[in-house]
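**Student:** Single-letter residue listing:
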Amino acid sequence: MTASIAPGPVLMQVTGLSKRYGDQRALTDISLTVNAGEVLGLIGPNGAGKTTLMQAIAGTLAADAGQILWRGTPLPLSRRREFLFYLPDGVRPWEDQYVARVTELFAAIYGRSQAFLAQTIHALGLAPVLRQRVVELSKGYARRLLLALALLTPQPLLMMDEPFDGFDLRQTRDIMNVLREVAGAGRALVLAIHQLRDAARVCDRFVLLAEGRVRGVGTLAELQAQTGKAAADLEDVFLALT
Amino acid sequence: MRPLLGKELWEVASGRALWTMLLILCPLLGYSFFQAVSLYDEASKAAAESPVLGSGLSPLDGVLVPTFGGLYLAATLLFPFVAIRTLGHEKESGALALLVQLPYRVPALIVAKMTAIFGAWVAAVLCAASSLVVWLAIAGHLYLPETLDLVGGHLLYGLLVGAIALFSASISDSAATAAIITLAFTLGSWVLDFALAGQPGVLGWISQLSLTQTLRPFEQGLLSAGLLLGMLAAICGFAALAAVWLHPGVRVSTKMLRSAACVAVAAGLIGLSTQLGPSVDVTEDRRNSFPAADQKALAELREPLMIAVHFVPEDPRYVDLRRNVLAKLERVMPHVMVRLVTSGQSMVGSASDDAYGEVEYSYARRSDKSRSTSHREILPLIYALAGRPIPQPIAGEDYPGYPLVANGSPALAWFLGGLPLLIVLAWWRSRCPPHVALHLTKNGGHS
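Residue numbers (our numbering), protein chains in the order written: chain X, 1 to 242; chain D, 1001 to 1447.
These are computed hints drawn from the structure, not numbers from a lab. It is possible that some hints are incorrect.
To be verified - Incomplete in silico selection of chain D near chain X, CB under 10 Å:
#1 G1015
#2 H1089
#3 A1097
#4 H1247
#5 G1249
#6 L1257
#7 R1258
#8 S1259
#9 E1397
As the list claims (entries may be wrong) - To spell it out: a stretch of chain X is covered by chain D in this simulated footprint if at least three of its residues, at any positions, have a beta carbon under 8 Å from a beta carbon of chain D; those stretches are:
#10 14-24
#11 56-66
#12 127-140
#13 205-216
To be verified - Quick list of simulated restraints, FRET-style, between CB atoms:
#14 X/T73 <-> D/P1434: 50 to 58 Å
#15 X/E181 <-> D/P1434: 24 to 32 Å
#16 X/D233 <-> D/R1429: 54 to 62 Å
#17 X/G186 <-> D/R1251: 49 to 57 Å
#18 X/R79 <-> D/V1133: 18 to 26 Å
Every residue, glycine too, gets a C-beta built ideally from N, C-alpha and C.
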């Protein structure tokens, strides 16, 4: 994780977001902010509400209550896609298509140059599989393809659900470097991660979720101060707050 | 839109459903065409000894409509699976979450999918249209207006089924459920046709909603602006409903309200279409019109013709009267009003009415009655009411008929050999990897 730096201006604000499925409360009064250029980690165990939260923010799931603000202005559902892109977990889109065709589709839709497309493909190591169908890809390459699609989009905020799922240690470090470069170029990233060690390495700030509620928000130092454990790592902080 | 359209077309082409449908269509069309030509050949041989029989031989009825019947089966039973795939696959794979985030409004996404569905259906219609080439190759006769009318009708019918399938995929969680819903529409039409057609009152009106009924006028050589508008309204209505239900992030209550609005607008347009002018007869044998001299004379009668019919709708004599006289009068005269006096009654209940079976014609404050269902008795009656002489028939206007003694075997070679081979080649070609630019495969750029 990078050293503490001054946060950029607030890009997105989530206030009072709630979602329930029948009697089950999936999200309860979630509020958070995302700053420009930061990597914000949504941390929590399985079932904490990370995916539901991302879907509700992106607008692919209707929330029951709450508001999404972009630079202080309410962001209606019809305009969410202009400012943020959500990369879901566990999907294999257009699996009968060749990888080359899918990546070129996104490049064409978003007006990316061939040089940018090539740079993205090489950054994620997709060159060997361009002439394979999506359905034929291994789990790791399928994840790389999704990451490539996300990086081809231009929105200032990128939300990714479990971006390191399917990667080994070395691959995870490589992808982390790519994401840090993307954030360094000015894009804000929100990453839903359940592996706390990965989150601690790549994220600037954290939102701790458990049972659909926010249990803590801040940098590691701020969370350590909140728990009164100055030397605690992220795992200890999480266990203390949730 | 170009990248999106390209993506949708490639998605349809890369699925097995399209190619499987086209391959199954080949023997359907081939057998239908071969049977139709064989029967036409036998009738033509009989007509060689009787010119009167020959004048009744029309390629539209004898060959084209039976052949395109195979296309109708494909549209009803197979095409829904092709259309459902354009959205169902994305919903099941999770790609819908990516699709709705692309920089296109939802209507644009639906337009792209409908374009791909139309493209897939055009491929099927082209397979059927190849039978026209085979027919011409064995010296068959074609009349362009009635042929284009038939092909156009099938194009619209397939597009309507495709729109229903897209809507079904939009409201369903799985392709299987969407297929069941779509087949409920298409096969449900068969139930309407067989069980409710000819029934009085509301049941008879409901039977008119059958999808198959939309195809009949085209098969009969009629081109109706009202029917075209109605079909287009239904297609757009189902496509609009698909757009309403596509986005997973919109609340169900909002979707219900928008759906009600879509249904109201579509119903209004369909209602308006029923009020549009009658259809145009595009057949070569003018089967839907009176002889040319009568057409000309009747068109000049500008006052309203009121017709009071003492039949119940399900009476076969009324069906004859409707087809042979009333529909033709409505097409040729500017003002014709037909009233069913026995509307709401049953055939049994009306049989005791002495006036049952009478048709009263009123024109220019004069009226007369007839029990005939033939134009040969009715038209002189109308001319008499109008104070006009009976027009002399125009010489040389009789339909000659097109008997053809021919062997339909070449069609089997095409539909069971050549065409399936072409389809397999196209399928193979669609599965070939795309060309990948060198700069994408080389290890360049910084990571």
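**Student:** Now look at each hint and say whether the structure bears it out.
**Tutor:** Results for each hint:
1. G1015: 7 Å, holds
2. H1089: 8 Å, holds
3. A1097: 5 Å, holds
4. H1247: 8 Å, holds
5. G1249: 4 Å, holds
6. L1257: Violated, because the Cβ-Cβ distance from D/L1257 to chain X comes to roughly 14 Å (cut-off 10 Å).
7. R1258: 13 Å, violated
8. S1259: 16 Å, violated
9. E1397: 57 Å, violated
10. 14-24: violated (count 0)
11. 56-66: holds (count 5)
12. 127-140: holds (count 3)
13. 205-216: Three-residue rule not met by the region 205-216 of chain X, so violated; n is 0.
14. X/T73 <-> D/P1434: 50 to 58 Å: 42 Å, violated
15. X/E181 <-> D/P1434: 24 to 32 Å: 29 Å, holds
16. X/D233 <-> D/R1429: 54 to 62 Å: Since the Cβ atoms of X/D233 and D/R1429 sit about 57 Å apart, the hinted range of 54 to 62 Å holds.
17. X/G186 <-> D/R1251: 49 to 57 Å: At 34 Å between Cβs, range violated.
18. X/R79 <-> D/V1133: 18 to 26 Å: Cβ of X/R79 to Cβ of D/V1133: about 52 Å, so the range 18 to 26 Å is violated.
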